[in-house]
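K.L.:
Residue numbers (UniProt numbering), protein chains in the order written: chain A, 1 to 96; chain B, 1 to 96; chain C, 1 to 96; chain D, 1 to 96; chain E, 1 to 96; chain F, 1 to 96; chain G, 1 to 96; chain H, 1 to 96; chain I, 1 to 96; chain J, 1 to 96.
Incorrect hints may have been included.
Said to hold, decoys possible - The following residues of chain B were derived to be distant from chain A, with all beta-carbon distances above 12 Å:
(1) Glu22
(2) Glu27
(3) Lys28
(4) Trp40
(5) Leu84
As the list claims (entries may be wrong) - Derived, one-sided and incomplete: chain G residues facing chain E with beta-carbon distance under 7 Å:
(6) Thr8
(7) Pro12
(8) Val55
(9) Leu64
(10) Gln65
(11) Met77
(12) Val81
Keep in mind that the hints were calculated from the coordinates and are not lab data. Ideal Cβ positions, reconstructed from N, Cα and C, are used throughout, including at glycine.
What follows is the residue order along each chain.
There are 10 protein chains.
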Amino acid sequence: MLYHVEMTVKLPPDMSAERAAEIKATEKAYAQELQRQGKWRHLWRVAGSYANVSVFDVEDNAELQEIISGLPLFPYMEIRVKPLCRHPSSVRDDDS
Amino acid sequence: MLYHVEMTVKLPPDMSAERAAEIKATEKAYAQELQRQGKWRHLWRVAGSYANVSVFDVEDNAELQEIISGLPLFPYMEIRVKPLCRHPSSVRDDDS
Amino acid sequence: MLYHVEMTVKLPPDMSAERAAEIKATEKAYAQELQRQGKWRHLWRVAGSYANVSVFDVEDNAELQEIISGLPLFPYMEIRVKPLCRHPSSVRDDDS
Amino acid sequence: MLYHVEMTVKLPPDMSAERAAEIKATEKAYAQELQRQGKWRHLWRVAGSYANVSVFDVEDNAELQEIISGLPLFPYMEIRVKPLCRHPSSVRDDDS
Amino acid sequence: MLYHVEMTVKLPPDMSAERAAEIKATEKAYAQELQRQGKWRHLWRVAGSYANVSVFDVEDNAELQEIISGLPLFPYMEIRVKPLCRHPSSVRDDDS
Amino acid sequence: MLYHVEMTVKLPPDMSAERAAEIKATEKAYAQELQRQGKWRHLWRVAGSYANVSVFDVEDNAELQEIISGLPLFPYMEIRVKPLCRHPSSVRDDDS
Amino acid sequence: MLYHVEMTVKLPPDMSAERAAEIKATEKAYAQELQRQGKWRHLWRVAGSYANVSVFDVEDNAELQEIISGLPLFPYMEIRVKPLCRHPSSVRDDDS
Amino acid sequence: MLYHVEMTVKLPPDMSAERAAEIKATEKAYAQELQRQGKWRHLWRVAGSYANVSVFDVEDNAELQEIISGLPLFPYMEIRVKPLCRHPSSVRDDDS
Amino acid sequence: MLYHVEMTVKLPPDMSAERAAEIKATEKAYAQELQRQGKWRHLWRVAGSYANVSVFDVEDNAELQEIISGLPLFPYMEIRVKPLCRHPSSVRDDDS
Amino acid sequence: MLYHVEMTVKLPPDMSAERAAEIKATEKAYAQELQRQGKWRHLWRVAGSYANVSVFDVEDNAELQEIISGLPLFPYMEIRVKPLCRHPSSVRDDDS
Chain A
1 MLYHVEMTVK
11 LPPDMSAERA
21 AEIKATEKAY
31 AQELQRQGKW
41 RHLWRVAGSY
51 ANVSVFDVED
61 NAELQEIISG
71 LPLFPYMEIR
81 VKPLCRHPSS
91 VRDDDS
Chain B
1 MLYHVEMTVK
11 LPPDMSAERA
21 AEIKATEKAY
31 AQELQRQGKW
41 RHLWRVAGSY
51 ANVSVFDVED
61 NAELQEIISG
71 LPLFPYMEIR
81 VKPLCRHPSS
91 VRDDDS
Chain C
1 MLYHVEMTVK
11 LPPDMSAERA
21 AEIKATEKAY
31 AQELQRQGKW
41 RHLWRVAGSY
51 ANVSVFDVED
61 NAELQEIISG
71 LPLFPYMEIR
81 VKPLCRHPSS
91 VRDDDS
Chain D
1 MLYHVEMTVK
11 LPPDMSAERA
21 AEIKATEKAY
31 AQELQRQGKW
41 RHLWRVAGSY
51 ANVSVFDVED
61 NAELQEIISG
71 LPLFPYMEIR
81 VKPLCRHPSS
91 VRDDDS
Chain E
1 MLYHVEMTVK
11 LPPDMSAERA
21 AEIKATEKAY
31 AQELQRQGKW
41 RHLWRVAGSY
51 ANVSVFDVED
61 NAELQEIISG
71 LPLFPYMEIR
81 VKPLCRHPSS
91 VRDDDS
Chain F
1 MLYHVEMTVK
11 LPPDMSAERA
21 AEIKATEKAY
31 AQELQRQGKW
41 RHLWRVAGSY
51 ANVSVFDVED
61 NAELQEIISG
71 LPLFPYMEIR
81 VKPLCRHPSS
91 VRDDDS
Chain G
1 MLYHVEMTVK
11 LPPDMSAERA
21 AEIKATEKAY
31 AQELQRQGKW
41 RHLWRVAGSY
51 ANVSVFDVED
61 NAELQEIISG
71 LPLFPYMEIR
81 VKPLCRHPSS
91 VRDDDS
Chain H
1 MLYHVEMTVK
11 LPPDMSAERA
21 AEIKATEKAY
31 AQELQRQGKW
41 RHLWRVAGSY
51 ANVSVFDVED
61 NAELQEIISG
71 LPLFPYMEIR
81 VKPLCRHPSS
91 VRDDDS
Chain I
1 MLYHVEMTVK
11 LPPDMSAERA
21 AEIKATEKAY
31 AQELQRQGKW
41 RHLWRVAGSY
51 ANVSVFDVED
61 NAELQEIISG
71 LPLFPYMEIR
81 VKPLCRHPSS
91 VRDDDS
Chain J
1 MLYHVEMTVK
11 LPPDMSAERA
21 AEIKATEKAY
31 AQELQRQGKW
41 RHLWRVAGSY
51 ANVSVFDVED
61 NAELQEIISG
71 LPLFPYMEIR
81 VKPLCRHPSS
91 VRDDDS
């Protein structure tokens with residue numbers, strides 16, 4: 001089942017560069033593992049921002065919550081979730 | 001080049017059912033043709049709404065404008081556009 | 001799977017009283033049938049408004065969309081959806 | 001009498017992990033006690049967020065205020081309250 | 001029990017002057033009867049607007065809904081409700 | 001002359017409990033003195049919040065400013081002011 | 001006593017040009033008479049808009065309401081009111 | 001002197017296609033004449049919208065108002081104005 | 001040329017009382033000097049707030065920027081600017 | 001390809017004057033180099049603010065992201081991006 005998730009990162013201005021680098025590295029590994037598992041289906045940067053647009057493919061609401069709340073950057077992000085479903089005009093078989 | 005587009009349809013309450021059906025049919029044909037050409041890469045319904053989330057793959061800003069402003073439902077939609085680019089943590093080769 | 005849905009009704013000021021009564025009666029029958037099926041689990045009026053707060057229990061995002069978009073008042077409502085899941089502090093066995 | 005309450009937790013970024021864990025544990029015990037008393041009737045997590053949707057069943061506005069302002073996380077939450085009442089289309093006897 | 005209610009009137013621009021005068025007269029009689037019963041405790045005009053601030057004193061959420069939804073101007077108003085209770089610094093015995 | 005004032009308290013998360021208690025005690029004494037003088041006519045807690053709704057009865061805009069800006073919690077509050085006047089449907093002689 | 005008032009005119013798109021011209025002429029006469037009386041102290045156009053910024057000098061909230069609600073364009077304007085008083089840094093004797 | 005102006009066109013849904021075409025043609029001629037005079041220095045379409053971003057080079061606020069309020073589409077546009085001036089980091093001689 | 005400027009002061013909660021007093025004194029001297037020069041034409045306090053409404057009379061956008069950005073409180077204010085011009089209904093010769 | 005970018009600078013109130021001066025100097029050099037390369041086509045100050053309006057001329061969304069995220073002030077700015085294209089009423093050959 002698909003979910004549309006927008007994440008905007010807001011790091012506290014007094015976080016040290018080392019700590020920020022560390023969190024970002026952990027986040028990257030976490031995101032890439034989920035992509036390889038097929039759960040984080042799309043991940044795009046919004047140009048000109050520190051934000052992304054993502055599409056997750058998970059079992060249900062509970063798994064979405066588990067994944068999102070486990071993100072290393074979770075405490076520092078504004079997150080908006082929209083549940084998705086097949087659009088009646090869609091022609092792609094593999095997009096829902 | 002990818003663009004993230006959200007469209008929310010707001011038909012005037014006094015539009016006749018016939019006129020609405022006609023526009024929707026034209027919109028569907030238009031959307032499916034663009035999907036087949038590869039320009040309308042993703043099209044999802046936002047569950048519980050008369051809205052969609054789409055990703056377009058076009059040459060440039062001008063082609064995006066040409067396609068969006070040509071939508072039969074264009075006069076009746078609220079539309080938000082975000083330019084996308086590759087996310088540094090993305091692992092998919094075909095997603096940018 | 002549970003979804004939290006808020007619906008605010010905005011009937012066009014020039015809709016006739018007969019047409020309004022007709023739609024509301026159809027809406028009521030539709031809502032009661034879905035409650036009896038267990039799909040519309042909770043339905044409350046927000047005091048001092050023409051709005052409700054509801055909880056739906058459906059198979060997935062697609063069924064939510066099917067039910068919501070089938071509401072007779074759908075064209076006349078502002079609707080906000082939030083996917084729900086079990087809260088780690090919940091003690092109720094039958095509430096997720 | 002029922003009230004719909006949405007709570008979004010915003011912990012200060014410089015709160016220590018120990019202090020956060022301590023508050024959360026107290027909050028959990030407080031929430032579970034109120035659920036057992038029947039005053040905190042529903043408690044759901046909003047998927048993909050650090051927020052909940054709750055329904056309280058209390059005597060009056062004053063008891064709602066007493067309970068909400070007593071939450072250990074109260075100073076760190078954005079809270080929105082809506083008074084609820086029975087919906088004319090509701091079929092459940094025990095839901096108001 | 002007290003509720004704070006703000007009402008802003010937005011009459012459709014094409015409502016006839018006769019119809020508007022008729023509704024306003026009915027509204028006035030309705031409001032004055034409720035004030036005499038003690039249920040509409042305060043009613044003030046917000047200076048420079050077609051809006052009021054009111055305080056209702058009713059049994060519960062259900063009675064508030066019954067009264068508000070029965071207002072002749074109800075279909076033409078934006079309404080915001082806040083449940084009130086005694087403030088710990090209040091010195092008035094008759095104000096809660 | 002009456003003014004409607006909403007105040008929402010936002011204490012800095014790093015204010016010490018002692019300092020907070022001290023300010024709140026001063027605020028309470030100040031608020032009670034003004035109530036006794038008849039200048040702070042109504043003071044209600046908004047249930048489920050750290051906010052109040054108040055009605056002030058003062059000479060003019062200047063006295064309102066003097067009183068509000070003298071509140072011990074003034075630097076820590078979001079404040080919204082609305083000038084009030086008699087509503088044409090009001091039946092109370094002592095409410096304007 | 002001074003009040004700051006912003007007015008934005010939103011004429012219904014289907015109002016006839018004759019009717020609009022008639023209202024505007026009445027509004028102009030009304031505004032000029034109030035300026036001559038000294039009650040409408042300042043009246044500026046916000047450049048690039050159909051809006052004005054005004055300062056009224058009236059007895060009290062009630063007179064402000066009487067004047068504003070008597071504006072011929074009152075049903076077609078969004079209006080925001082702010083009560084003003086002397087600024088402690090002001091050097092003008094005649095500006096409060 | 002430069003001004004940044006954003007215009008979003010919102011034609012009434014019941015305006016006839018002929019009337020719309022007529023206004024747009026007049027608007028185009030008006031806009032092109034002002035560009036040739038050097039007063040409408042930049043005019044861009046915001047991709048995916050019926051909106052533009054413009055920069056005007058006029059004598060003063062009054063001339064800006066005269067030009068904007070004279071736009072044939074003026075009654076059907078949302079308009080936001082920002083006064084501009086030279087940026088201390090600008091290297092262009094002809095851009096202020 | 002006139003500009004309407006609203007300024008809302010938001011001092012950081014951890015600024016020392018000495019530092020705050022110092023900035024305010026400098027701000028006051030600066031504001032009074034500009035008023036004496038005729039450039040800061042009006043300065044009013046918004047009653048019940050730490051905000052002002054001002055009207056500046058300066059040469060052009062650049063001088064406005066120079067004055068505003070030179071305010072000692074500039075880093076601690078939310079500022080909104082509107083360019084003004086003569087209103088066609090104004091009767092004052094000296095107010096534009 | 002053109003992009004419209006608005007940037008509002010919000011420096012943390014506890015950043016030292018030295019650090020702020022350092023970042024601003026780096027930002028200025030960066031901005032001027034990009035202007036000389038023709039990539040930062042326009043850069044204007046919004047009068048009365050610590051904000052700018054800019055137009056970038058870059059290859060694609062990815063280059064825009066590279067440039068914007070490389071700004072020394074990037075962590076301290078609110079940034080809004082709009083993709084631009086040629087307006088059908090534009091008469092300038094070199095403005096798209």
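K.L.:
A separate judgement is required for each hint: does it hold in the structure or not?
P.N.:
Here's how the hints hold up against the structure:
A cut-off of 12 Å between C-beta atoms confirms that B:Glu22 is not in contact with chain A; the least separation is 15 Å. With a cut of 12 Å on Cβ distances, B:Glu27 falls inside the contact zone with chain A, its closest approach being about 7 Å. Against chain A, the non-interface label of B:Lys28 is violated: not every CB pair exceeds 12 Å, the least being about 5 Å. Against the 12 Å criterion, B:Trp40 falls within the reach of chain A, whose nearest CB is about 9 Å from its own CB.
Distance check for B:Leu84 against chain A: the nearest CB is about 4 Å away, which does not clear 12 Å, and the non-interface claim fails. Because the beta carbon of G:Thr8 sits about 13 Å from the nearest beta carbon in chain E, more than 7 Å, this interface hint is broken. With its C-beta approaching chain E no nearer than about 4 Å, G:Pro12 sits inside the 7 Å limit, and its interface hint holds. Hint on G:Val55 is violated. Least Cβ distance to chain E is approximately 13 Å, over the 7 Å limit.
Because the beta carbon of G:Leu64 sits about 5 Å from the nearest beta carbon in chain E, less than 7 Å, this interface hint is met. Here the hint on G:Gln65 is kept, as its CB sits about 4 Å from the closest CB of chain E, short of 7 Å. Hint status for G:Met77: violated, given a least beta-carbon distance of 10 Å to chain E, over 7 Å. Evaluation of the G:Val81 hint against chain E yields a held restraint, the C-beta minimum of about 4 Å falling below 7 Å.
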